[in-house]
Structure formats: C-alpha cells, structure tokens
Amino acid sequence: MQPAPPPVTPSPSGEPDRPRLPPDPRRRRRLLLALATALALLLALLAGAATGAVPLAPLTRLGPTQAVILLQIRLPRVVLAALTGAALAVSGTVLQALFRNPLADPYVLGVSSGAALAATLVIAFLPALPGPAGWSLAWWALPAAAFAGAAATLGAVLALGRLLGRPGPATLLLAGVALSTLLSAGVSLVATLQPSRLGPITFWLLGGFSGADWRAVALAAPPVLLGLALVLSRHRELDALLLGEERAGYLGVEVPRELGWLLIATSLLTAGAVALAGMIGFVGLLVPHLLRLLSGSGHRWLLPLAAGGGAAVTVGADLLARTVVAPGELPVGVVTALAGAPFFLLILLRVEGRRERWPWSTGR
Amino acid sequence: MAVVDRPLSAGGAARLDAQALQGGYRRRLVVRGVSLELRGGVVTGLLGPNGAGKSTLIRLLAGALAPEAGRVRLDGAEGAAGGARRRARQMAVLPQGEPEPAGMTVRDVVELGRYARGGGARGDGGGRAGERRALERALELTGTLELADRPFLELSGGERQRVLLAQALAQEPKVLLLDEPTAHLDLRHQVELLELVRRQAEAGLAVLAALHDVNLAALFCDRLLVLAEGRLVAQGRPEEVLRPDLLEAVYGTPVMVTRHPALGVPQVHLLPPGRRLRPAPPLSPEGAP
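Quick mapping for you: the protein sequence lines, in order, are chains A and B. For the first sequence, our numbering gives the first residue as 907, with consecutive numbering after it. For the second sequence, our numbering gives the first residue as 9, with consecutive numbering after it.
Don't read these hints as lab results, they were simulated from the structure. By construction, the Cβ of each residue, glycine as well, lies at the ideal position given by its N, Cα and C atoms. Mixed in with the good hints, there may be bad ones.
As the list claims (entries may be wrong) - Among the chain A residues that face chain B by a calculated CB cut under 7 Å, a handful are:
1. L927
2. E1152
3. R1206
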C-alpha cells in the first residue's frame, strides 16, 4: 500500500506555497530547439535570397539591378517557400494528432490530391479572364477551389476513419493511397479531356516556386496565416485530443466544434500550400515527426517549431532544386520526395516492426 | 477500513440525479429507464453482467451520449446546459480502455485535467501559481509526484490508472464516474486504486464505479446498483443487494454468499454446477473463524 496521502483540502489557500513539483526538465531542450529552428530558418532564408544565377552577397550595397532581383525575384520566392513549408508541416502536425497516427499528413491522406484535383479543374476549364492589374478570375478561383477540394477530402477521410474505428498506420495509409490514387486519376482524366491545358497542369502539379512573385505571396499569405493562427489557438485542444475524442470531451473540450475548426484550419493550410506550389510531399510528414521526437507532444511548443522547421526545410529544398542542376531547375516536389521517401519507409518499418502506433512513444 | 457502518445520509443533496434515463446506439436501446442519485461522500458501485449496459449508462450520465428519454441533473442543473467545459468542472470521468498519448509525460497528462478550469493565467485556478498547486495536489493525492517526468506510455498498468485518476482529480470535480477502473490490475493495484477513490469520497466526492468484481465492490462501496438488460434490478447496501437468489438470476450462475471473516461485508463465491459440495477446511490455523 502507498503511504496514506492526506485527503483533498477544500481550501488551497492554507497550504504552504513551496513548489514540490520540479520545473519541467524538457524546458531547456525546447528552448534550445526553438533557437536552433529559428537559426536554421534565418540561414535558409539568407542563403535562398543570396544564391542564384546572380549571386548576391549579404551585407553589401546592391546595385539597382541586384536590388530588383532581390526584391522582385528572390524575396517573394523564399517567402512563398517558407509559407508553404510552414503550412504543410503544421497541417501534418494537426492531422497526426487528430488521427493519433504518425503516418498522417496532407499528402499521404489524399488531402493534397483533393486540393490538386479541384485546382486542376480550375486550370483546365476556367479561362484566364484578364482583370484589373493583371488579376484574373483564375487567380482567386484556384485557391478557393483548392480549399473546397481539401476540405471535402479531409471530411471524407475523417468519416472513413470513424467508420474504421481507429485505423492503425497501415490501414490509414492504404485508405489514403486508395483515395489519392482515385483523385490523381481524376487529375489525369481532366488533363486528358483538356489537352490544350496539359502544359500548365503538369507544370503546376510538379510543384515549385519558380513563378513566384509578390502577387502569389499576397494570395498564399491570408489562408496560410489564418490557418496558422487558428491552429495555434487550439494547442490545448490538440493535446487533449491525443487522449482520444471521448476523453477529450470529458476534460471539457467541445469535440465536434473543435474538430470542425481544426478541419477548416487544416484545409486552409493545405489549400494555401497546394494552390501556389503544387504537390510537395513529405514535408508535412517528416518535419512534425522529427520535432515530436525531440520536443514531446505538447502542441504549444510543437506547432511553432513545426512551422519554423517546415519553412526552413522547404526553403532549403527549393535552394537545392534550383542549384543542383543549374542553370536548369528541379521541381521542389522531386527534391522533397528524393530526401523524404527513404525516411518515410524508415518510419513505416519502425512503426510496423514494433507493432506500435507511434514510433515516438517516449516523451523524452 | 471501517466500511460497513458508514452512514448513507452523508453528503446531503444529490450531486447527480438521473430520471428515467433511456439511451443506446443507433436503433439498439441499451439503457431502459434508469433513475439514480449520487451523493457526496458516497461510493456507489455499479454491478451487472457483460452487456447489461454499465458503460452505456456511464456515457449517458457523463453526457457523451445523448439520452433518448429522461434527463440528468448535475448539482440541480440540466446536465447538457453550459456545454462540455462547465460539465467537466463538476464531473470527471474515467472511461474504459487505455489512451495512447504518445510523446506525453505524466505531467502533461495530469495537466490536461486543468483544461476546463482555464489553465494558465486566464482561468479561475488562481493564476500560474494556483495552477501549479492544483497540479501538485492531484499528483500528490495519487502518489504520482515522483512519476511526473516519466513518459506516460512507459508506465505500468497500475501507474497509468493512478495518473488518469490524478488527471480526473485535477479537474476538482464534485462527481467522479469510473468505468471498470480496476480492469487488468493486479490485487495490490486494485486495492490501492479503490482506496484512493474511497479517500476522495470521504473528503466529499460523489463516486459511481462500474465494477466487474462483486467482492471488490462489496469491500469498497457504500451502495450498490445492479443493472440487468438495461434496467436497475436492485440497489442498496452491499448486504441488501448481494443475495444469492438475485445474483443467480442476474449473472445466471449459482453462487454462495458468506461474510468476510475479518470485515463482515458480504463476499460472493462461485459454485460451479456438478461439483461435490464439502465444507472447506481452514487454510491456516488462524484463517478460519
């Protein structure tokens, strides 16, 4: 038997106020991790802005041409890459918590494909109507359609997950594969039906930031920033949902309402990323996965870390994409897939090999 | 452990009161018209065979399942009013099954018990220091303070259950509902957990615990409810409820009821059919009355 502890005292004010609970030992590590992530992001942004056909040295006076290159080409490009990466990693973090499954991310679950199919439909069938100052109907129709496609797919996946009880990683992966195959087939079908638009569709699907300008940033920023703010304001709810929806409800979480908000936020993030950069895989899967191993699951820390980490990784991947075969350019999606797929298989081996749902089973 | 002569009137007004509660899943009605009251200071045990509706009744009382008829009142107010947060300030629930909160330490899990109390600086818990005190109190009451920085998934079954109880106590509830809290626990951990729950009841908590083990229920509960096919078929003190005829009818197997040799509470013995009956020899010289 335990030594008998005293019963609950109704008035806590009478207790002597000395901390008996030591401060959280993960605090130091989390601060270091936050510092490292911020530094990595800063370095990636600097390198991304400095590197290219015309190298720009940081901290030097730029000529007029160089200033234009920096302000009109490089900066919008790295900012767009950072926004996309943050969006993908944060939506991956949310999906992993909602499904309590390390293999969940917008790409694996088919959410990106849903956004892509809807966006493809817009590219294929909506003629680019010239509007004031170069704005055309398709410019806002693309992200709007991507949002609808992402939200519909995510809703379908959540419903499927509920139907399956709580699917293990392999089942969820198979369901996601089936769904994304179906949706990708839809993309191919659309491309075949509109052969004249095949070029823009393919270019866009491969993913990348080569056409980035401030207009693209202005279009990506609102949904992504709104989605980030929504998710960050829900960090306690995400923690509670890790215990399961029933327990979260008993702790006081309004589960259906919060799931609705998180679904909207995830769709905004995925749609913002997909509409402007096409399909970029594995960032949403690996960045939150690795950071969760290092910082634990507390979403108050994990979400900002994932945003910074995802941004740094994507800016870095874009930098690789445009330097490795310079003056040519690889699609960013190809770079992230080349680096990410082996990692993904490693996670799958660990998860299935140990017959665990989560490879990050320890909190340290 | 003076269990037998505790007064039933302790606690005064009903903390939770359910009237003609009916509910279930899809088209299957599981709970068919149950009325009950839980009072502060009283541990009520919920007995019944598999499929009798114990877990469903707990979900209905907890508000996780909307009743098809009847109502639940918490401290006099309609249970559904005010939503999940308000309900969680009055009632904590330990459902069946083990959560798998990957990447969370004991501290993280227990801290989630403060969700409905606001947490952080904006809640009603008296700011950061108040939150820390509430967390420490819940950890101390359950003897889990020294586990605070262990990953939840590395704990043993008994430790996990104590941590989940700490989370429930961190809610500072007036009512505690437990669904099979001792399932998969060994003897020592069963006793330890129910002893912790009893101590909280003595400090004023109203407790309802669905239990599989009738003998454990007789040892730790002031009142017992027996559920069969969704209806309450008996309620009262253990010695009023644990009668061989009732138990045989409800569980469908012959039993014998004796008194606990040291504590006097009723204890139920299985009597598998077709065995030759013989008086038991004492197990040890001082073991027999």
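Right, here's what the structure says about each hint:
no.	hint	result
1	L927	5 Å, holds
2	E1152	6 Å, holds
3	R1206	10 Å, violated
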